[in-house]
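Novice: First to last, the sequence lines map onto chains A and B.
Sequence positions in the first sequence follow the numbering used here and run 1 to 469.
Sequence positions in the second sequence follow the numbering used here and run 1001 to 1209.
Simulated from the structure, these hints should not be mistaken for lab results.
Some hints could be false.
EDC-like cross-link-like pairs, simulated, lysine to aspartate or glutamate; straight-line CA separation at most 20 Å [claimed, not checked]:
{"hint": "1", "chain 1": "A", "residue 1": "Lys48", "chain 2": "B", "residue 2": "Glu1029"}
{"hint": "2", "chain 1": "A", "residue 1": "Lys167", "chain 2": "A", "residue 2": "Glu277"}
{"hint": "3", "chain 1": "B", "residue 1": "Lys1043", "chain 2": "A", "residue 2": "Asp241"}
{"hint": "4", "chain 1": "A", "residue 1": "Lys48", "chain 2": "B", "residue 2": "Glu1195"}
{"hint": "5", "chain 1": "A", "residue 1": "Lys51", "chain 2": "B", "residue 2": "Glu1014"}
Computed spacing ranges between beta-carbons, pair by pair [said to hold, decoys possible]:
{"hint": "6", "chain 1": "B", "residue 1": "Asn1077", "chain 2": "A", "residue 2": "Gln90", "range": "30 to 38 Å"}
{"hint": "7", "chain 1": "A", "residue 1": "Asp273", "chain 2": "B", "residue 2": "Gln1018", "range": "45 to 53 Å"}
{"hint": "8", "chain 1": "B", "residue 1": "Phe1179", "chain 2": "A", "residue 2": "Gly49", "range": "53 to 61 Å"}
{"hint": "9", "chain 1": "B", "residue 1": "Thr1161", "chain 2": "A", "residue 2": "Lys256", "range": "34 to 42 Å"}
{"hint": "10", "chain 1": "A", "residue 1": "Ile282", "chain 2": "B", "residue 2": "Ile1028", "range": "21 to 29 Å"}
Every residue, glycine too, gets a C-beta built ideally from N, C-alpha and C.
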Amino acid sequence: MKKTLFEKVWESHIVSPESIDTPAVLYIDTHLIHEVTSPQAFNVLREKGFKVRRPDRTFATMDHSTPTTKPNADGEYQFNGEKEKSQVEQLKTNCNEFGITLFELGDDRQGIVHVVGPEQGITQPGKTIVCGDSHTSTHGAFGALAFGIGTSEVGYTFATQCIPQRKPKTMGIKINGHLSAGVSAKDLILAIIAKIGIGGATGHVIEYFGEAISRMNMDERMTICNMSIEAGARAGMIAPDKTTFDYLEGRPYAPKGKVWQQAIDDWSQLYTDQGAEFDTLIEIEAPEIKPMITFGTNPEMAIPITSIIPERAPRHALAYMGFEPNESMMEKKVDVVFIGSCTNSRITDLREAAAVLKNKKVSPGVRALIVPGSHLVKRQAESEGLDQVFIDAGAEWREPGCSMCLGMNGDIILPGQICVSTSNRNFEGRQGPGGRTLLASPATAAASAVAGKVVDPNTFSKQVVGEVA
Amino acid sequence: MSTTNQNKQTFSREPIKQVEGVAAVIDIENIDTDQIIPAEYLKITNKDGLGEHLFSNWRYFGNSESDRQVNPEFVLNKPETKTARILVAGDNLGCGSSREHAPWALLDFGIQVVVSSSIADIFKNNSVKNGLLPIVVNEDEHQYLLTQNAKQISVDIEKQTISTAEKSFEFQIEPFARFCFLNGMDQLDFLFSQEQQITEFEAQQTVYA
Ligand code: SF4
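If we strip away everything but chain A, and leave its shape as in the complex, we get (with noise of 0.2 Å):
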């Protein structure tokens, strides 16, 4: 029988086959949380007297409700209110009773959750992954079956450490050819959405393969499968190669020597069979994909940043954003820049954000906010020097955390404002009540907060150089 790389995936974490009147019971290997999902599922477990069956393979971060700004000189962190504070304290407390590991404030390896994962080499190839956050895609870059819960399913995991399941179907979205220069992973994954609508990919696991794919790198991969959830997929995957091996060996959770030769081995063999199908197959041209941003209040709305907001656009979402049909997106003033969240805040974002922003000031009456994914990126930047960079440019360097991208701990924009955010959601009040998000790459966003107002980074560095003159 030929295999899709998620049938192989799924079908050996089946602990009880489906049937007409029952799921599947899928067992879950990794089972990550944080502070705002799942204090609801240890209350449960608490008033029944259970217990967490598999603490060790349960990793705890908090990400959502904590402060950005860096603890007071008593090491106190500020956080936005009592309620951030009473949930991050709920999250230590419940991982203590229940022997938990967390990943803590003040600990080296906090981080957003999707960040820290992988960093910790905890998201491995093969794996199946829950989270209660629908972003959990992200890990399936490393050919993981890793998807999000709510926090019901977060309780049943804790408790037996698998979770109902009806098979979903498969999408295939190969992509020929490569980016063209300029062009980034997020670019890509916003035309990809924009092409097959936000519920577009519902009920189904997307593979994403083809030479643009192979050729990115960890960092990008994420990016990608970050988004597939944007589409309403389940999950999005992508087959380990080379480049996930080197990026996985050596690092903490990571399998080390016979093991790891052994891993490698196994996780080799996880890749769709040839001649096997899937239920849908999508292609895209990779060299007709150009510098993408949102113009609505969903990532579907999204279009190439030289090219108008379209007629046919949802007139309630222009209602809310303050655009017309048949308008450029280029020229449109902005209020603040958002460079961070689980989509676009490693290493080789705030790489692709320092480069734009070297030797350039970030414009008057702009607010740029850059926050890092995780404490070890965040030292990883300012051992490149690329916090200089920002902070000489005008902007804020931040602790890491989601931050803006839901504005949970009062990172948040203004009624109104207008934000260039690498995030991932452009949903009315997403980033702050009476907030206008608009998405774009890293590069987009940089180049953005530079001009004060929408820009193609590919043309504007020419521009600017002038400017700065």
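Position chain B with the ligand against the provided structure of chain A, taking the given hints into account.
Specialist: Same frame as chain A, now just chain B with the ligand:
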């Protein structure tokens, strides 16, 4: 690592066989869970009081809880639909964030059934587990139901029908979800019944760490 567990089957909920009530229609596509319940209201460690904040971006004017005023035009604020038990929404309902606070907020408000032409996977999963029934209907039925604002609708889970005063349609529901609704079974009980298989699975598995 010991895998013995004292976890036992102790869950049950009220069986739900039928839901009858007024329908509220929000004819907007791609309603995301950030709209159903904004992040501001996820800072809790329990499930209490979320109904008050359901659709708060649309239900209230003002950008914070302290200065907000009721938007009298929003469907869930209107006298004839504020007691709605059935929500009919545009295509691709519940996309985005996995927050289970979305079904919690709908249920706390009094909504027991959501209907659309497609419903996002995680939201659908989360709904079922809390006794909120997600119903997916075809295009024609959807168009018709979108005209039923403030009308009485009844849903029979056993017969898998959704009916107005004029019409009745059959709908499909995943058989296990239906069983759980009709019998008041929590899905966790089903997983607990697999304890032995889980232990056997773990024993034969190769794990790299
Ligand atoms: S960065 Fe944004 S999308 Fe990612 S986990 Fe945090 S809140 Fe969710």
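Novice: For this structure, which hints from the list above don't hold up?
Specialist: 1, 3, 5, 8, 9
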